[in-house]
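Taken in sequence, the protein lines are chains Y and H.
Counting from 1 along the first sequence, just add 9 to a position and that's the residue number in our numbering.
Counting from 1 along the second sequence, just add 991 to a position and that's the residue number in our numbering.
Read the hints as simulated data drawn from the structure, not as lab findings.
Be careful, since some hints might not be right.
[What the hints assert, rightly or not] Some chain Y residues flagged as far from chain H (calculated, every beta-carbon gap over 12 Å): (1) Phe26; (2) Thr29; (3) Val102.
[Unchecked claim] Computed list of lysine-lysine pairs in BS3-like fashion (alpha-carbon distance at most 30 Å, straight line): (4) Y/Lys20 / H/Lys1212; (5) Y/Lys20 / H/Lys1227; (6) Y/Lys20 / H/Lys1231; (7) Y/Lys20 / H/Lys1195; (8) H/Lys1223 / Y/Lys20; (9) H/Lys1236 / H/Lys1223.
Glycine residues also receive a C-beta, built at the ideal position from the N, C-alpha and C atoms.
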Amino acid sequence: MAKNFNEMTWKEFDIAFMVTNPGCSADYRTGDWRSQKPVTDKSKCIKCGVCYLACPDDAIRLAADGTYDFDYDHCKGCGICATECWTGCISMVEEEK
Amino acid sequence: MAKRIGIEVSLAISEAVKLANVDAIAAYPITPQTHIVEHLSELVADGELQAEFIPVESEHSAMSVCAGTSAAGARTYTATSSQGLALMNEILFIIPAMRLPVVMTIANRSLSGPISIWNDHSDLMSVRDTGWIAIFAENGQEAFDLTLQSFKIAEDHRVMLPISVNIDGFTLSHVIEPHEFLDQAEVDSFLPPYEPLVQLNPDKPVSMGMVGIPEIYFEAKKAQDMVLIESKAVIKEVFKEFGEKFGRYYHVIESYRTDDAETLLMTMGSISETAMEAIDIMKDEQGRKVGLIRLRLWRPFPHEELRELLRGVKTLAVVDRAVSFGSPGGPVATEVRSALYNSENAPYVASFIAGLGGRDVTIEHFTTMVDMAERMAEQREVHEYKMIGVRE
Chain Y
10 MAKNFNEMTW KEFDIAFMVT NPGCSADYRT GDWRSQKPVT DKSKCIKCGV CYLACPDDAI
70 RLAADGTYDF DYDHCKGCGI CATECWTGCI SMVEEEK
Chain H
992 MAKRIGIEVS LAISEAVKLA NVDAIAAYPI TPQTHIVEHL SELVADGELQ AEFIPVESEH
1052 SAMSVCAGTS AAGARTYTAT SSQGLALMNE ILFIIPAMRL PVVMTIANRS LSGPISIWND
1112 HSDLMSVRDT GWIAIFAENG QEAFDLTLQS FKIAEDHRVM LPISVNIDGF TLSHVIEPHE
1172 FLDQAEVDSF LPPYEPLVQL NPDKPVSMGM VGIPEIYFEA KKAQDMVLIE SKAVIKEVFK
1232 EFGEKFGRYY HVIESYRTDD AETLLMTMGS ISETAMEAID IMKDEQGRKV GLIRLRLWRP
1292 FPHEELRELL RGVKTLAVVD RAVSFGSPGG PVATEVRSAL YNSENAPYVA SFIAGLGGRD
1352 VTIEHFTTMV DMAERMAEQR EVHEYKMIGV RE
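Put together the whole structure using the sequences plus the hints.
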């Protein structure tokens, strides 16, 4: 996206507000309405990848050391990773302003 | 120029649609529009017109089909009336918002209830604010010519908006009139094949009909209104080109014997022919300073042209053929008053409602309206509207 929607004037959009450039949600912050976020106690992590497989938003990334990090731009805070984690190393905490 | 042919106006419109070489026709029959799509089905079945003839199960589906075929890049046509137009309502808003140049004939008919199949303009007025260009024809020749011109206007890349060509139900649709047809070569020289600005195409994917989140919906509506307002310039261009090519000139407001007129009648559609006779009688036999203006373009409303035509006019009697229930006048009259408000030397505007549900509007009615309007203007009578021809 060249420009954010809420900065554009009525003259700047494509005809009839059609989307002529294919894109995907990777271009947008889709997780900014999250109320809880997952955090990992990496000392307990066994690098099994269950959280990575279970994430419905593809918001978990493989880190260099084989553990997993969260993509907080796209994580919606659903808590599935924390529920599915075998070791209990992921916990959901209140999102702070 | 081709010779004059006597043919039913509905059939003449179908022939115009054939000459425009449409790709898709969505058809659902409703009185008094049926003859148009009926004849088109014959033209397609006989192989005279190579088009997809799509019979549907309701007008809601007919307009939905139009959205689909037009988005896919097909020159698209449909026709309807009254309840059918009302049933299309939901999709009528979507077509201009998606900038799809669909052409539709509306054989104007009153809306239920009570049930009526006869003519007035209440059906079109019920979809006044959907964003379509709306044009009125007075006779069969105009209906034929305007149908062809509508495709050119709608498909102009500066416009890309749908158009309704309005003809009075039965009064026009079912009468046989002499028409001067254009031949295929003449039409081809005027109307090039449809070139969509954007279309549904797997090789170059686009998404149409997107969600308008609060951050962009307002801007979308502004863009839509601006393009409708600016389409007036293209409409005039096309009218001019048609006139220069074929010798029949069209204007957004037609005027009849308005020179030196102090009182004008203002009409829309086929009652204008009777109004012309009334004007002739008043002018030639009674020496009165009267004239007629006839609104061809209802949307976008030609405010500037109206103000220009009314220069020096003292009284304007606007004849509406629909009730805007609970409002201070007929739909056209309130629009006219609004256009003139705050302008200098604006004439006194009298709002009359006549000819509802197929009731005849006679020469006497028109002279009565002129008499009443002049008297009311003299007394600066504040009034909402008056019905003419209703039993009190």
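Status of the hints after comparison with the structure:
1. At roughly 5 Å from the closest C-beta of chain H, the C-beta of Y/Phe26 falls inside 12 Å, breaking its exclusion from the interface.
2. A beta-carbon of chain H comes within 12 Å of the beta-carbon of Y/Thr29; the shortest separation is about 5 Å.
3. The non-interface label for Y/Val102 is consistent with chain H: the shortest C-beta to C-beta separation is roughly 30 Å, beyond 12 Å.
4. Taken as a hint, the Y/Lys20 and H/Lys1212 pair is honoured in the structure, with Cα atoms around 11 Å apart against an allowance of 30 Å.
5. For a cut-off of 30 Å, the pair hint linking Y/Lys20 to H/Lys1227 stands: about 24 Å separates their Cα positions.
6. With a C-alpha separation of about 29 Å, the suggested pair Y/Lys20 and H/Lys1231 falls inside the 30 Å cut-off, and the hint holds.
7. Distance restraint check for Y/Lys20 and H/Lys1195: the Cα-Cα separation of roughly 23 Å lies within the 30 Å cut-off, and the hinted pair is therefore satisfied.
8. Our distance criterion of 30 Å between C-alpha atoms is met by H/Lys1223 and Y/Lys20, whose separation comes to about 19 Å.
9. Note on H/Lys1236 and H/Lys1223: the hinted pairing holds, with a Cα-Cα distance of about 20 Å set against a maximum of 30 Å.
The structure fails hints 1 and 2 (numbered hints given earlier, in ascending order).
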